[in-house]
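Using the sequences plus the hints, can you model the full thing?
Here the protein sequences come in this chain order: A and B.
Residue numbering for the first sequence follows the working numbering, beginning at 1 and increasing consecutively.
Residue numbering for the second sequence follows the working numbering, beginning at 1001 and increasing consecutively.
Think of the hints as simulated: they come from the structure by calculation, not from any bench.
Beta carbons are placed, not taken as given, at the ideal position from N, Cα and C, and that holds for glycine.
Warning: the hint list may mix true and false statements.
Claimed, not checked - In the PhoX-like style, the derived pairs of lysine-lysine whose C-alpha atoms are separated by at most 25 Å in a straight line are: (1) Lys-1009/B <-> Lys-246/A; (2) Lys-1009/B <-> Lys-88/A; (3) Lys-1059/B <-> Lys-88/A; (4) Lys-88/A <-> Lys-1055/B.
Unchecked claim - Label-pair restraints from in silico Cβ distances: (5) Ile-1045/B <-> Gly-214/A: 32 to 38 Å; (6) Gln-1090/B <-> Gln-286/A: 45 to 51 Å; (7) Ile-86/A <-> Ile-1045/B: 30 to 36 Å; (8) Gly-214/A <-> Leu-1050/B: 20 to 26 Å; (9) Val-1023/B <-> Ser-129/A: 34 to 40 Å; (10) Gln-1090/B <-> Gln-297/A: 46 to 52 Å; (11) Leu-1050/B <-> Lys-131/A: 36 to 42 Å; (12) Met-244/A <-> Glu-1066/B: 43 to 49 Å.
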Amino acid sequence: MIQPEMHYFRHHLGRAIRGFFDQRGYVEVFTPVLVRCPGIDPHIDAIAAGESFYLATSPELHMKRLLGCGLKKIYQLTHAFRSDEIGKYHNCEFSILEWYETGINYQDLMELTENLIQTVDRQMAEYLSRKPLFSLPFARISVDEAFEQHAGWCPSREWDEERFFLDLIEQVEPALQDMPAFFLYDFPAPMASLARLKPQDPKLSERFELYLKGVEIVNGFSELTCAREQRERFERDRARRIAMNKEPYPLDQHFLSVLEKGLLPDCAGAALGVDRLLMTLTGAEQISQVMAFPLPQV
Amino acid sequence: MYEVSDIRKNLKIQIDGEPYIVVDFQFVKPGKGNAFTRTRLKNMITGNVLDRTYKSGEKLEPAQMEEHPMQFLYAQDGMYHFMNTENYEQIEMEESQVGEAKDYLIENLEVNVLFFNNRPIAINLPNFVELEVVETEPGFKGDTVTGGNKPAIMNTGARIQVPIFVNNGDRIVVDTRTGQYVERAKK
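Below, the structure written as structure tokens:
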């Protein structure tokens, strides 16, 4: 069993997160964990729940549907589920924080993200009677810069997905792991996920990841709002899943229809791994050290 | 063939005709990317350590290993001689292959020898062996307060920390996994 204090640390972290968003006029929302369309990312596999349902791999599509209903600032602390992900930083079921705000882009979101981390870091530091771990502003390094410097090539100019991820984990992340906190931003277009491409340079997407103590904690972007492009990306990912012999999940037509009706305003949103953040703030080495019941003990 | 998801500590695989054992592994998955398993492998012959990253879908070749029960006969000129207790064939191993096991090899000890491609590469010892103390300073009578240990040299040349009441000529039981004294052997 984990140390009993860890339950208090997690409780306190949750309060700090909620306090941060409450102060900024966000509303906490609740979207389903049992879903029909678990997202279509080729590298994220859902856990099936019965014949036509899955456990949510993230609350992203439902939360964006809420923005389409007129909500402007929303956040959610919930659970997400991903098949076969278990390791030092992975557990098939994990705590996820997602938040979205209309009228901002990924640059504004990076600022908001570092403020969030600073706020919870300070409150946890006070609670744990130690000094805060991070100070603002966090470093910002573009993906192309990082790869040119540490892997010797430019991903947005000569795209190679396999080489990208291998060099990311073998060259780039190890070279940067001593920086306490940094944003990696402007991912190449093929890695846009559901991010908008940069209008002035469509080889890049308006997406970032935040690393704390060498570990990826947050993924965020300016949201893609164009229905046609979104449908194309879904179809492309679905074709890739089929080519990889993976289950081709259904496309979320409700979500696409929000985009088709032009109801999703310009907005940006991010997802944060709460367990990993708790690891960082408490110095835990394994995700299992911050969870009441990690998978092997469920 | 093994899948990447089969990777566990102590899994034995073969790379370029050499046997490796997995000493450590880690699941790695960058956001929006495919999964990898980072491994630390030890060459079971040379002891060299190799770091290798496998991506999901790759295959690993199992190392074909066999284990045979053997009796240790004697050591001479840096060669260790054993006899297969099933077919009475004799084999010899170099000191470098015997490794730390040489501290526990007493005549007639029954061990298991691991073979890779018909080549003996490692010895699996019993967990406990009985050794004889050949050299240690006499204990101090009545000094039981400190509960301290002292160094002792065994009949195999091994150096073991023993309690102060152990004397030259005593037979003691040693745990081969930790190299630690367990108890005085029963007469």
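Now for the hints, and whether the structure bears them out:
{"no.": "1", "hint": "Lys-1009/B <-> Lys-246/A", "in the structure": "violated (28 Å)"}
{"no.": "2", "hint": "Lys-1009/B <-> Lys-88/A", "in the structure": "holds (14 Å)"}
{"no.": "3", "hint": "Lys-1059/B <-> Lys-88/A", "in the structure": "holds (22 Å)"}
{"no.": "4", "hint": "Lys-88/A <-> Lys-1055/B", "in the structure": "holds (17 Å)"}
{"no.": "5", "hint": "Ile-1045/B <-> Gly-214/A: 32 to 38 Å", "in the structure": "holds (34 Å)"}
{"no.": "6", "hint": "Gln-1090/B <-> Gln-286/A: 45 to 51 Å", "in the structure": "holds (48 Å)"}
{"no.": "7", "hint": "Ile-86/A <-> Ile-1045/B: 30 to 36 Å", "in the structure": "holds (32 Å)"}
{"no.": "8", "hint": "Gly-214/A <-> Leu-1050/B: 20 to 26 Å", "in the structure": "holds (23 Å)"}
{"no.": "9", "hint": "Val-1023/B <-> Ser-129/A: 34 to 40 Å", "in the structure": "holds (38 Å)"}
{"no.": "10", "hint": "Gln-1090/B <-> Gln-297/A: 46 to 52 Å", "in the structure": "holds (50 Å)"}
{"no.": "11", "hint": "Leu-1050/B <-> Lys-131/A: 36 to 42 Å", "in the structure": "holds (40 Å)"}
{"no.": "12", "hint": "Met-244/A <-> Glu-1066/B: 43 to 49 Å", "in the structure": "violated (38 Å)"}
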